[in-house]
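Colleague: What follows is each chain in one-letter form.
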Amino acid sequence: DQQVKQNSPSLSVQEGRISILNCDYTNSMFDYFLWYKKYPAEGPTFLISISSIKDKNEDGRFTVFLNKSAKHLSLHIVPSQPGDSAVYFCAANFYDKVIFGPGTSLSVIP
Amino acid sequence: KAGVTQTPRYLIKTRGQQVTLSCSPISGHRSVSWYQQTPGQGLQFLFEYFSETQRNKGNFPGRFSGRQFSNSRSEMNVSTLELGDSALYLCASSLETTKWRGRMNTEAFFGQGTRLTVV
Chain A
1 DQQVKQNSPS LSVQEGRISI LNCDYTNSMF DYFLWYKKYP AEGPTFLISI
51 SSIKDKNEDG RFTVFLNKSA KHLSLHIVPS QPGDSAVYFC AANFYDKVIF
101 GPGTSLSVIP
Chain B
1 KAGVTQTPRY LIKTRGQQVT LSCSPISGHR SVSWYQQTPG QGLQFLFEYF
51 SETQRNKGNF PGRFSGRQFS NSRSEMNVST LELGDSALYL CASSLETTKW
101 RGRMNTEAFF GQGTRLTVV
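These protein sequence lines map, in sequence, to chains A and B.
Heads up, the first sequence is in the numbering used here, so the first residue is 1 and it goes up one at a time.
Heads up, the second sequence is in the numbering used here, so the first residue is 1 and it goes up one at a time.
Isolated chain A, as found in the complex:
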């Protein structure tokens, strides 16, 4: 049973528009959430995180929103750029466990 779900395997967005990547989790014990970006032939790199005491965290073009009651978080990229094309993994943390979602492949079309 997947505790962290990313129900969209892929997403295509026009350059300059907003990309919204979604993530759902089932375990209410998770209290820290992270997003990683992965290019082909490279390891994932940390992008942004949010703790459960917040509902929004912003870093430049990247904003993560957390809705604890819905057990849902989303990553917004505005404006989207071709270089953002990658696989995005959502991860949830509880104590010393980190569970990754299956990833969403984002394609930003010039």
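Hints are computed from structural coordinates only; laboratory data are not their basis.
Note that the coordinates shown come from a computational prediction; the quantities given were computed from them, not determined experimentally.
Check each hint, because a few of them may be wrong.
As the list claims (entries may be wrong) - The calculated DSS-like cross-link candidates involving lysine-lysine, where the alpha carbons are at most 30 Å apart (straight line), are:
no., chain 1, residue 1, chain 2, residue 2
1, A, K71, A, K56
2, A, K5, B, K57
3, A, K68, A, K56
4, B, K13, B, K57
5, A, K97, A, K68
6, A, K97, A, K56
7, B, K57, A, K68
8, B, K57, A, K71
9, A, K97, A, K54
10, A, K97, B, K57
11, A, K54, A, K5
12, A, K56, A, K5
Dock chain B against chain A, hints included.
Modeller: Quick look at chain B alone, frame taken from chain A:
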């Protein structure tokens, strides 16, 4: 500061063989985690080592094992390889600090991975 180094980058093995993958974490990092990435499955957690002890383990069969040395370098071994073991194996290291309500810093730094192909 050197990043996480995984060797080898690519490996081809035949069914039934065994394989050992190596991971050198970032200097000063004591936690090393291993993940298997396959299309559609995302990152599946294998195990985590901290100070030479396995601290967490995922849901993989006993054919998958690992260890960590005193210098924090880690190895992962897969015995009796199966075709389904073909995947990208990623190692991640993290610096464990107690911060924010005493919880550990969980930001992980990944290596480039070892692409294992079993034929």
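Colleague: Given the hinted pair B:K13 and B:K57, is their Cα-Cα distance within 30 Å?
Modeller: Holds, at roughly 25 Å.
Colleague: Given the hinted pair A:K71 and A:K56, is their alpha-carbon gap at most 30 Å?
Modeller: holds, 14 Å
Colleague: Against the 30 Å threshold, does the CA-CA distance of A:K54 and A:K5 hold or violate the hint?
Modeller: holds, 21 Å
Colleague: Between A:K97 and A:K68, does the CA-CA distance stay at or below 30 Å?
Modeller: Roughly 19 Å between the alpha carbons, so the hint for A:K97 and A:K68 holds.
Colleague: Could you grab the alpha-carbon distance between A:K97 and B:K57 and see if it respects the 30 Å cut-off?
Modeller: holds, 10 Å
Colleague: Given the hinted pair A:K97 and A:K56, is their Cα-Cα distance within 30 Å?
Modeller: holds, 22 Å
Colleague: Between B:K57 and A:K68, does the CA-CA distance stay at or below 30 Å?
Modeller: Roughly 27 Å between the alpha carbons, so the hint for B:K57 and A:K68 holds.
Colleague: Is the straight-line distance between the alpha-carbon of B:K57 and that of A:K71 30 Å or less?
Modeller: holds, 25 Å
Colleague: Take the C-alpha atoms of A:K5 and B:K57, compute the straight-line distance between them, and say whether it is at most 30 Å.
Modeller: This hinted pair holds, its Cα atoms lying about 20 Å apart.
Colleague: Straight-line Cα separation of A:K56 and A:K5 no greater than 30 Å?
Modeller: Roughly 20 Å between the alpha carbons, so the hint for A:K56 and A:K5 holds.
Colleague: Holds or violated: A:K97 and A:K54, Cα atoms, limit 30 Å.
Modeller: Holds. A:K97 to A:K54 sits at ~20 Å (cutoff 30 Å).
Colleague: A:K68 and A:K56: Cα distance at most 30 Å?
Modeller: holds, 11 Å
In the structure shown, no violation is registered for any of the earlier numbered hints.
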